[in-house]
Amino acid sequence: MAIEVRIPTILRTYTGGEKAVPAEGATLLALIDDLETRHTGIKGRLIEESGELRRFVNVYINDEDVRFIGGLEAALSDGDQVVVLPAVAGGAR
Amino acid sequence: MLTIDQATYDAIVAHAKRDHPDECCGIVAGPEGSDRPERFIEMINAAGSPTFYEFDSTELLALYKEMWANDEEPVIVYHSHTATEAYPSRTDIGLASEPNAHYVLVSTREHGNNEGPVEFRSYRIIDGEVTEEEVTVVAQLSNEES
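Residue numbers (UniProt numbering), protein chains in the order written: chain A, 1 to 93; chain B, 1 to 146.
In isolation and in its complexed conformation, chain B is listed as follows (with noise of 0.2 Å):
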């Protein structure tokens, strides 16, 4: 299951509403084994397109030393299908390389960059297999360790 706390679920949606027709990615990053999304990172999409999202190399590396230092790691890889379901895709199935993160994704394909629901969904991707799990939103995270 993803706990997830609504201001963290609001900013990925609006950032997935904000990119739409392109798609959005990004990071929630948290305290390493702790399985609590408490830092947003929204990225860029370098490769700027409806149908594929990659992180910049150089972001990736800066990302990724940030969060060593801070004994972080991505609890939450998001990013958005902006014509089709908020499911997997083969490729990103293939690309999957977190086997401990919360892959969510969020589907803008019914209003686009407008008002209105989307919808959003989480996933574990691990050796190619993916399994969809529940997705609780909570005000706030709590101060007890999940």
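Next comes chain A alone, as it looks inside the complex (with noise of 0.2 Å):
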């Protein structure tokens, strides 16, 4: 079972320049352990030591933004697109 995860310019020094890597997982939070394994320390930058997704990392599960079907507990399967893109943001506050 293999689901295709497209990695953003910031976070391909984890994925040695790739722009997608396969990954497995039932949930998006075992893809991202599982990509862990494979990518040590992305994991870090996807997910608060809190356990939340960043407030600033945006991922898709097939187009739809996760924080709006079920955050890491999201469920996947085969052939799943998962897009991980950084917001656009910043401000003077």
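Calculated from the structure, these hints are not laboratory results.
Incorrect hints may have been included.
The calculated lysine to aspartate or glutamate pairs, modelled on DMTMM-like cross-linking and capped at a C-alpha distance of 20 Å, are [said to hold, decoys possible]:
1. A:43 to B:98
2. A:19 to B:32
3. A:19 to B:73
4. A:19 to A:4
Hey, can you piece these two chains together into the complex? The hints should help.
Shown next as structure tokens:
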């Protein structure tokens, strides 16, 4: 079972420059844990120490923002497409 | 150095003036690796705030999918500051996530929605380090790869 994960430019240092890598998992959290076994350090860029998805990281499963479909518990199945995109945000505050 | 054509420069400034006192934001995309800001894309500030900007997450995905399909990348990521100088704030630095992009900041603090000059400055923001760069405005981007 393979799920393609699209990696943004800023995290490609963890994937040897690859734009997309395969991973496995029945939930988003399991998928991220699986990624971490081969791309050490990437999990900490996606998930806070408290265990929440980072506020300024967006993850999409088949074009749905995971925040609307269960967050880290969102279910995955074979052939799903996962995209990771850092928020484009900032401001004077 | 950032080289930008006059029409794109004017479009960014017009967007900043129109959205003042809220911050505006957007991207200028170009062919991957070219460093040519060719395609101006105005985004909605989902935060709708005078001190913060954020692309809507659904629009962000649509934008990136379009760029991937075109073999483009964000060459410029721009936003405005409406009461402070055109220099990256700590928030801007902490959230900058496009190491290949020119981060353009426009300040509308002086003239707001009205005619008049604005500060227009450009930076590289990599691993929390800010480097200001020169901005060269040209009538049109040359046909040569820069």
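Hint check results:
1. A:43 to B:98: Holds, at about 19 Å.
2. A:19 to B:32: Given that 20 Å is the threshold and the Cα spacing comes to 13 Å, the pair holds.
3. A:19 to B:73: The given pair, whose Cα atoms are some 13 Å apart, holds under the 20 Å limit.
4. A:19 to A:4: Holds: residue 19 of chain A and residue 4 of chain A sit about 10 Å apart, inside 20 Å.
Checked against the numbered hints given earlier, this structure breaks none of them.
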